[in-house]
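Since the structure of chain A is already known, use the hints to place chain B on it.
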Amino acid sequence: MRLTVLERRMLALALIFGVLTLTLAFGNIATRRWGQTATAQAHATPWYGARTSWVGTATSEWPQRDANWCGPAAIEAAANYTYQLATNNQNNIPFNSGGQQRIANDLNSALATSIWGTPAWNGIGPGFNADIANDGGTDPRGMAWGIEYESAYGWYWRFLHNGGDPKLALHVPIYAFHNVIYHNDVTHAVGGLARTLEEYSQPVVVTVAHGLHFDVIAGVYSYNDPITSYPADVDAVDVWDPAVGSPSGGYQSAREVLWTNWTFNTDVHMWGSTYSSNSGYDPDPSVGIYTPNTDYPAHWIGYRTDFEIDHLINVLPDYAVDENLSVMQHP
Amino acid sequence: MKIRGGGRGSHFGTGVVERGLRYLRTGGIGLFLIAMIASFVFVLSSLATPLTSTPTPATTSAEWRPLTSTSPQDVLKAARSTHAYQEALHATQTSLGQALRTGILGTPVLVHAYRPKPGMLDVWVIPLLGPTGTTPGATVVGASGSTHVVALLDFAYDSAHHRIRALTFAGPFVPSDPEYNQPFPRISATMAQATVARIKGVKALLPGAQPQLIYFAADLDRLNAPNATTHWAGGGQFPDLAIWYIPGSTSANASSVLTTTANSGYIVGLQGTVYTPNQLPYAT
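Listed in order, the protein sequences are those of chains A and B.
Residues 1 to 331 (this note's numbering) are what the first sequence spells out, left to right.
Residues 1 to 284 (this note's numbering) are what the second sequence spells out, left to right.
Hint data in this document are derived by calculation from the structure and do not stem from the laboratory.
Be aware that one or more of the hints could be misleading.
Coverage of chain B stretches by chain A, computed from C-beta distances (three or more under 8 Å per stretch; other residues unrestricted) [to be verified]: (1) 94-103; (2) 225-232; (3) 238-247.
Chain A residues, not near chain B, derived (Cβ > 12 Å throughout) [stated by the list, open to error]: (4) N92; (5) N129; (6) D225.
Note that beta-carbon positions come from the ideal geometry of N, C-alpha and C, so glycine has one too.
If we strip away everything but chain A, and leave its shape as in the complex, we get (with noise of 0.2 Å):
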């Protein structure tokens, strides 16, 4: 028997309805399926960084021993955990008891100086040989240079240079470090220090406090992944802080605080203010190329800044990068 014209029309109804319900019902699923994720995944946010317990141990000899060395102090830390790594050893660190003299003792030695030289005393800086600006502490660029220089990979290129075998050599991958200065804005800096976070899995030393003191980055939690994300919705900042337990106190309350990024990202003492002059106290560079000038009128001034391990082995420390790890020829 054929179908009616009638017969047709509610089978054909009778289908488009079918398949409606099956649609709503399978969106219905997933939708759950999806939240159910979502949620899991927020109360997993990946940790891209470093260990914590070695970043505890590679800042053994904290607080800064001078109201003026909180860089020295984030050096220590920093070089410190490079050997760590190296070693696959927590315990391996060569900067502990007299570590930070021993560090400013090598940013005030000759080898320190830039391959533009050091700026004569202004009456407030520079702090050390290092410096490349009038700064009263370590500038940016001596900074780079520091961990640089007393890290494992700062070790190795001088073993190799003076002629050592590579095989007698600790397995040190070749890295560099430099000065990067983020020229856009705080969610862009903070996830190019996540991404550099995510590859080399090391703390990272940032300038806070608008350039007048430098904390450790051990890490942060991020909902997406820093590198293929870039800028990462980061969502927690670990920061370390060497001043904490010095007569000054620090800018927080503790020496490792984890700070959400929105409050990391708009405390003025952390990331919510740029790099400035501080009356003087962390002025621009005042030899070399990236003195400003007319053309370019400010270097560090007005932006962020850190110092990021990275791949360019053939650039000196001297020079600094943009956010696009680009070498910056001028300011």
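Frame of chain A, contents of chain B only:
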């Protein structure tokens, strides 16, 4: 003709059956259509109800969590629901994660913003209690099995909208931290009141006024400058280092003093030192 007649008679009988079957088939198809429509309506109505009672995850660290009440249970429930807490709890690579998994959350303590700057809110501080000696790098102090504060979790409190948001999680504390091996708050309200009352020349305390834990916007740059001339050990520059404000006799309203520039009352610092409000190193 017979054939036709006979045929007609046979065709008539068959036609009745066929018609009956057709009606039956039509009816069945109609019922099928009704069932499909009913299924569609059912699924559609089920979608209109909430998918789950779990809060929708926030996508940024600025997330707020609703606070049903300010009871310790509700504050802890809201705090635990934040992403910052959950991600720290589940992090296997961090010492804080380890401390959160082995410790217990203590009673939340409300710390008021004293003379608040724009955007400065009161803060719920939740102590994380851990077994003595579990703090990485800590020296074992105290009786075996006792607990002490190993970290402090801070949540901004938006009282107008009944909600909280994670700010900072400090710790695990190490010996050089000011909070290390200390209770929170550092001294009790009773002790703070007694300290003020003992000071010679202090005016009578405001009857019925309750001491309030406070923090204030400190001039951290001035305190941390290498050539700093101001050294501040009184505390209060962070909620984790909360200090006591005790309304003085000249204040008409204790709570209003927290949001005005009134100079009445006394501050009891971390070490038990008594200050007047004007002695605090405020940010300009």
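A quick look at each hint next to the structure:
Remark: the region 94-103 of chain B is confirmed as covered by chain A, as 3 of its residues place a Cβ nearer than 8 Å to a Cβ of that chain, reaching the required three. Counting residues of the region 225-232 of chain B whose C-beta lies closer than 8 Å to any C-beta of chain A gives 6; at least three are required, and the coverage claim holds. With 4 residues having a beta carbon nearer than 8 Å to a beta carbon of chain A, the region 238-247 of chain B meets the requirement of three or more and the stated coverage holds. Every beta carbon of chain B lies more than 12 Å from that of N92/A, the smallest distance being close to 17 Å; the non-interface claim holds.
Separation of N129/A from chain B is adequate, the least Cβ-Cβ distance of about 17 Å exceeding the 12 Å criterion. With 12 Å as the threshold on Cβ separation, the claim that D225/A sits away from chain B holds: the shortest Cβ distance comes to roughly 15 Å.
The structure is consistent with each of the numbered hints, conforming to all of them.
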